[in-house]
Amino acid sequence: MAIRRTNLISFVLIVALLLLPLCSCARTEFFEEGKLKVVCTIYPVYDFTCQVAGDKADVKLLVKPGSDPHSWELSTDDMLLLEEADVLIANGAGMEPWLDTCLDALDNKDINVCIASDGLDLITFGDTTNDAFEDFEGSDHDDDHDEHHDEHGHDHSANGIDPHTWLSLSNAIKEIDAITNVLSKVDPANADYYLNNAQKYQADISSLQDEIDQYKDGLQGQTIVVSHEAFGYICSEVGMTQMPVEGISSDAEPDARTVSLIIDFIRANGIETIYYDSIINPSAAYVISEETGCELILLHSFGSVTSEEYNNKMSYVQAMRENYHNLLVGLGL
1 MAIRRTNLIS FVLIVALLLL PLCSCARTEF FEEGKLKVVC TIYPVYDFTC QVAGDKADVK
61 LLVKPGSDPH SWELSTDDML LLEEADVLIA NGAGMEPWLD TCLDALDNKD INVCIASDGL
121 DLITFGDTTN DAFEDFEGSD HDDDHDEHHD EHGHDHSANG IDPHTWLSLS NAIKEIDAIT
181 NVLSKVDPAN ADYYLNNAQK YQADISSLQD EIDQYKDGLQ GQTIVVSHEA FGYICSEVGM
241 TQMPVEGISS DAEPDARTVS LIIDFIRANG IETIYYDSII NPSAAYVISE ETGCELILLH
301 SFGSVTSEEY NNKMSYVQAM RENYHNLLVG LGL
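Positions 1 to 333 (the working numbering) are the ones given, in order, by the sequence shown.
These aren't lab readings, by the way, just hints derived from the structure by calculation.
One or more of the hints may lead you astray.
[Unchecked claim] Within a straight-line C-alpha distance of at most 27 angstroms, the following computed DSSO-like cross-link-like pairs (lysine-lysine) qualify: (1) K35 <-> K313; (2) K216 <-> K174; (3) K56 <-> K109; (4) K313 <-> K60; (5) K185 <-> K200; (6) K200 <-> K35; (7) K60 <-> K174; (8) K56 <-> K313; (9) K200 <-> K60; (10) K313 <-> K64; (11) K174 <-> K56; (12) K35 <-> K174; (13) K35 <-> K56; (14) K174 <-> K313; (15) K200 <-> K56; (16) K60 <-> K35; (17) K35 <-> K109.
All chains should be modelled from the sequences, with the hints used to inform the complete structure.
Right, dumping it as structure tokens:
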């Protein structure tokens, strides 16, 4: 019996070794033949690209649903996918900190790279952080301020670039232009097709922008408490400020002192809503909600989406329309 078992294991191993080259070849056939092969790093540029490319390109998403783009780690299959691609479209502005290392490692030097945010007016986290919290923090809570300030889950005085550029409707229109240009350059035979699709989608975004304009007076000057420091471009576009419970990354959590300060700030300013991001675990936001009675309302950062949102093909316009609706509801406008 032992001899037979040993022989069976040896046979299985031999078969596996014989099939391995065939499996490796099969794994590299990621794209549909006859179409432009496009890889997009994150969901916003993926949605923009799908809308522009239509049925003329096979578009793949690199950062999988539910994942944090900031801390994403590429797999062997991800690199094989990129080796086969004609075009790589990234957001840039620091959203994909692993991008340069990835490009340096590629043997596919013919890949056309589009950084969709190039040329945009970028904002910093400090631009959209509520100064009132800075004042509040320094007024009645001076004890050990210097010791604790840098230990917060977020740094209110941070001057790093906010990479969530697409959350400005006007930026989204410009990013679509950049994507249309690279697709048209690589596939000039379908340039008119790409341009027509782009203009239709940009018209949808412009229509949403017109809808929001009528509420700008009510939104201007408002402070929103958010679970994730991701909504600066929305705030900048309509004149609001954000107070983030947690930092830019999904693993950045506030310390107990920061949570206590935010609870005090919410109570002192009569804030009734905390906005949470669908892909970030809002554990700290839940604690603050329980302590203050604030309602938790969803805002899509859209840097990644849940598996359900991905399967339902959530679009940028759909997500942003829901964002503005939820902002208005949460602010009682």
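Status of each hint after checking the structure:
| no. | hint | verdict |
| --- | --- | --- |
| 1 | K35 <-> K313 | 21 angstroms, holds |
| 2 | K216 <-> K174 | 21 angstroms, holds |
| 3 | K56 <-> K109 | 23 angstroms, holds |
| 4 | K313 <-> K60 | 13 angstroms, holds |
| 5 | K185 <-> K200 | 20 angstroms, holds |
| 6 | K200 <-> K35 | 22 angstroms, holds |
| 7 | K60 <-> K174 | 21 angstroms, holds |
| 8 | K56 <-> K313 | 18 angstroms, holds |
| 9 | K200 <-> K60 | 22 angstroms, holds |
| 10 | K313 <-> K64 | 13 angstroms, holds |
| 11 | K174 <-> K56 | 21 angstroms, holds |
| 12 | K35 <-> K174 | 25 angstroms, holds |
| 13 | K35 <-> K56 | 6 angstroms, holds |
| 14 | K174 <-> K313 | 22 angstroms, holds |
| 15 | K200 <-> K56 | 16 angstroms, holds |
| 16 | K60 <-> K35 | 12 angstroms, holds |
| 17 | K35 <-> K109 | 20 angstroms, holds |
When held up to the earlier numbered hints, the structure conflicts with none and fits them all.
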